[in-house]
Each structure stands twice: as structure tokens, then as C-alpha cells.
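Peer 1: Construct the complete structure from the given sequences, taking the supplied hints into account.
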Amino acid sequence: MPYKEKTIEKKYYTIGEVAEQFDVATSLIRFWEGEFDIIKPKKNRKGNRQFTKEDIENVKLIYHLVKEKGFTLQGAKDMLKNDSNEVRDKMEMLDSLRSIRIFLTEIKENI
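For the sequence shown, the UniProt record's numbering assigns the number 1 to the initial residue and increments by one for each residue that follows.
Rather than coming from a laboratory, the hints here were simulated on the basis of the structure. Do not rely on the hints blindly, as some may be mistaken.
Said to hold, decoys possible - With a cut-off of at most 30 Å between alpha-carbon atoms, the simulated DSBU-like pairs for lysine-lysine come out as follows: (1) Lys77 to Lys90; (2) Lys40 to Lys81; (3) Lys10 to Lys43; (4) Lys69 to Lys90; (5) Lys90 to Lys42; (6) Lys69 to Lys46; (7) Lys67 to Lys53; (8) Lys42 to Lys69; (9) Lys90 to Lys11; (10) Lys10 to Lys42; (11) Lys90 to Lys40.
Peer 2: Below, the structure is given as C-alpha cells:
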């Protein structure tokens, strides 16, 4: 039986890593942190932000509303306050559909 290496999953991510995931500036992540209550990264003794997976999901939700759907900041705040779960469900459905599209186009190219 071959040895199988465990994949190490990070518990915390830096603001630079989060900004790189969404291809935005770190200043935008800091700005959203001040504007939206759902982004609450921990800070270490030096004051560096440490984002958890949950924080990254919240940034993803805000990114979806503001950058992809074109909401204003106030509109995004209102959506999150009123229908947070509905917005999350729709975003997850869109992500699933995108991955299915990618999978199908890969199959089409291989045929």
C-alpha cells in the first residue's frame, strides 16, 4: 500500500493572498472590511489581518454583488441584510453552473 501524503490546508490567509484570489488591490479588501460587518478577520499581535475560510466566503459574496452584479455598496449592504442566505444560494448555484460549463467545454474539445 503506497504512502499517501496528506494535503495541508491553511487555517489563515493573508490579505495579499485574499486580494490575489479575487484579482483586486489589498486596499479594496481593507475598504470592504470597514464597510461590511460580515468581514471580520482576526489580527495578530503585529496587526496583520488573518482571514479564515469563512471570511474569504464573505469577501466572495461581496465581490459577487459589487463587481459581478454591479450593485452599489449600499445596495449590497441592503441585500446582505435582507436576503443573505438567498444571495449565497444563488452565488453557489452560479459557481456550480460555471464549473459544469467548463467541464462540458473540455469534453467538447476532446471529442
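Peer 1: Among all the numbered hints in the text so far, which are the ones the structure does not match?
Peer 2: 6
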